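K.L.:
Here is how the chains run, residue by residue.
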Amino acid sequence: MKPVSSGGVRAALILATLGFLALFLFLPLVVVFTEALAKGIEAYALALVEPDALSAIRLTLTVAAIAVPVNLVFGVVAAWAITKFEFPGKSLLITLIDLPFSVSPVVAGLIYVLVFGAQGWLGPWLTEHDIQIVFAVPGIVLATVFVTFPFVARELIPLMLEQGSADEEAALSLGASGLQTFLRVTLPNVRWGLLYGVLLCNARAMGEFGAVSVVSGHLRGLTNTMPLHVEILYNEYNFVAAFAVASLLAALALLTLVLKSLVEARFHPHERRTGS
Amino acid sequence: MIRLEGITKTYGTYAALQGIDLSVRDGEFLALLGPSGSGKTTLLRIIAGLAFPDSGRVLFNGEDVTQLKVAQRKVGFVFQHYALFKHMTIADNVGFGLSVRSRRERPSAAAIRARAHELLELVQLAGLADRYPAQLSGGQRQRVALARALAVEPQMLLLDEPFGALDAKVRKTLRRWLRDLHRQMGLTSIFVTHDQEEALELADRIVVMDKGLIEQVGTAEQVYMEPASAFVSDFVGETNHLPGGFHVRPHDIEIVEGEGQPVRVENVFRKGGNWRIEGRHQALGQVIEFDLDAQRTPPLVGALVQVRPQRLKAFTGNPEDFHEHA
Ligand SMILES: Nc1ncnc2c1ncn2[C@@H]1O[C@H](COP(=O)(O)OP(=O)(O)OP(=O)(O)O)[C@@H](O)[C@H]1O
Ligand SMILES: [Mg+2]
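Those sequence lines, one after another, are chains A and B. With our numbering, the residue at position 268 of the first sequence is 268, and numbering never jumps. Just remember that our numbering sits 1000 ahead of the position in the second sequence, which is counted from 1.
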């Protein structure tokens, strides 16, 4: 290839990519923040401290605080089982882990309504025992857990497969117990991948709309998460408030990106196999 | 003493080990030698307790340990790719085995560190205690892996292709060093290799394996001079295959003056202290290889020389032996 022509191609490709990013990523971000601040910083702040907004923020944080640790544990356990052991039904389990990626979140939400709703399979039993899941916080948590459970496992499985089990066997041969081996060898070996998976999981847990929307019931101040709150405000033509809350979500996305690139910077130079 | 009785191991339908009986003496340096896929690693892992046989028994000093896990067998295992913990310093790697002991048996942090330094001195890496594995060369990593295995005072040392991933020069140095270390410590050691030179140089006895079976157990001299099967004769050292199941080594064929078997020289090259001559045996019609002391003048290509085999070995019943030696 001639350097001149390849230089031209390269410039064109880079320009196209940058143009695309500007149009679809940068521009919306700018719009979110300018709209949010359209009536000044005071209106912006007011929209955020208004009781329904505060309640939505609180609920979103609560849901993430439950869903992320649950999926952290589940992801580690699933990845560990899949990569270090042979058992029947393993490939089925791998397929099942991917399910939330291939099923529309709305369908996922509907499944919860069908199972736990008043008319659902468990509906009568739940009513009898005075437990409300759908159109309440437990349903939102369940839907979020479902939608976000592949993130950690998906991040860990290829990493753990690549690393094999020699390190673990070495630890065991040196007298370490299974738990010691896990805590002192396996976990440190995958720590950056794990952190990366948790970040993605958290971002999705806070941002999920579809599944949560189905099971939430949209009770203001009770079962509205931030994304749902944004939609309600927007439908009421309350643009400043809608974009103010949206700007928090956008800030979260930016923060995730920054953390993600920090993690990747650590991940790459250091975490290569030193064995061979 | 380690005793293996009737060890078999099958992966799916593939029989990786098909009945292994073996005794290893105390303090012995034993090599498991065989081609790729012959079951060496599988056997070593079964001795260690990293894998378990389908049938048969593993005995350490008369005690049945077949069902014991690796942690309870007190073996030091050195992995082919070292398996160093890359997030720990070299000193922490070496001290790992001591640091995971139960509170009652665990030495103090300072004592563990002191012991790690002692072992690093033994493997001549005293200055590298605070580095990370990624900052070491292959040969240095190998020695760290060895020090780490020795730190728990194992009753035996098991090494899987300890020099497999190193270049020829480092291999040689490390090989000699390991032999000296073994003489110094007298620890029963078993190492896996598919390099016959390595086995011949290091081991007190060599176990030659093929297709999940032991073909021969013996000293380097026995395995080389008295191969028990056509496979051993072929795998250990070089061999000409002659019709009728006869094997003859290149250095056992002599050029003679006068009456002999006529061979037409096709190629001559230097091989260490000898000339290696490839020539077509006129009566058999096949190419044979033989050696001539480099002090002497080699025959010219195309010349007809008379040779006589000094030591022939016959292996019967194996049709493979009739094939021409490539
Ligand atoms: N975990 C496993 N699952 C299935 N087959 C296996 C497994 N481990 C080993 N085998 C098979 O068993 C046979 C013996 O393997 P082993 O690793 O013991 O050979 P080896 O003599 O160490 O060979 P190499 O010199 O290549 O390391 C091989 O054919 C291999 O494919
Ligand atoms: Mg092997």
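Accuracy of the hints is not assured; some may be wrong.
List time: in silico SDA-like cross-link candidates among lysine to any residue, alpha-carbon distance up to 20 Å [what the hints assert, rightly or not]: (1) Lys-1074(B) to Glu-169(A); (2) Lys-84(A) to Lys-1074(B); (3) Lys-1086(B) to Leu-187(A); (4) Lys-1069(B) to Leu-179(A); (5) Lys-1086(B) to Glu-86(A); (6) Lys-1086(B) to Val-263(A); (7) Lys-1074(B) to Phe-1060(B); (8) Lys-1069(B) to Glu-86(A); (9) Lys-1086(B) to Leu-159(A); (10) Lys-1069(B) to Val-263(A); (11) Lys-1086(B) to Ala-265(A); (12) Lys-1086(B) to Lys-90(A); (13) Lys-90(A) to Gly-1012(B); (14) Lys-84(A) to Gly-1062(B); (15) Lys-84(A) to Phe-1060(B).
FYI, nobody ran anything at the bench for these hints, they're computed from the structure. All values derive from a computational prediction rather than experimental measurement.
K.L.:
Does each hint fit the structure? Answer for all of them.
P.N.:
Here is how each hint holds up against the structure:
Our distance criterion of 20 Å between C-alpha atoms is met by Lys-1074(B) and Glu-169(A), whose separation comes to about 14 Å. Distance hint between Lys-84(A) and Lys-1074(B) is unfulfilled; the C-alpha atoms sit about 23 Å from each other, more than 20 Å. Proposed proximity of Lys-1086(B) and Leu-187(A) is supported: the alpha carbons are some 12 Å apart, at most 20 Å. Distance hint between Lys-1069(B) and Leu-179(A) is fulfilled; the C-alpha atoms sit about 15 Å from each other, no more than 20 Å.
Of the supplied pair hints, the one linking Lys-1086(B) and Glu-86(A) is violated, its CA atoms being roughly 26 Å apart against a limit of 20 Å. Annotation: proposed proximity of Lys-1086(B) to Val-263(A) holds, straight-line Cα distance about 17 Å (limit 20 Å). Straight-line distance between C-alpha atoms of Lys-1074(B) and Phe-1060(B) comes to about 10 Å, which keeps the hinted pair within the 20 Å bound. Using a Cα cut-off of 20 Å, the hinted pair Lys-1069(B) and Glu-86(A) holds, with the two alpha carbons roughly 18 Å apart.
Of the pairs offered as hints, the one joining Lys-1086(B) and Leu-159(A) holds, with about 15 Å between alpha carbons and a cut-off of 20 Å not exceeded. For the hint linking Lys-1069(B) to Val-263(A), the alpha-carbon distance of about 37 Å lies beyond 20 Å, and the restraint is violated. Taking the CA atoms of Lys-1086(B) and Ala-265(A), the gap is about 17 Å. The hint holds against a cut of 20 Å. As the CA atoms of Lys-1086(B) and Lys-90(A) are separated by approximately 29 Å, the hinted pair breaks the 20 Å bound.
Taking the CA atoms of Lys-90(A) and Gly-1012(B), the gap is near 17 Å; set against the 20 Å cutoff, the hint holds. For a cut-off of 20 Å, the pair hint linking Lys-84(A) to Gly-1062(B) is broken: about 33 Å separates their Cα positions. With a CA separation close to 28 Å, the supplied pair Lys-84(A) and Phe-1060(B) exceeds the 20 Å bound.
Figure legend: structure checked against the earlier numbered hints; hints not met, in rising order: 2, 5, 10, 12, 14 and 15.
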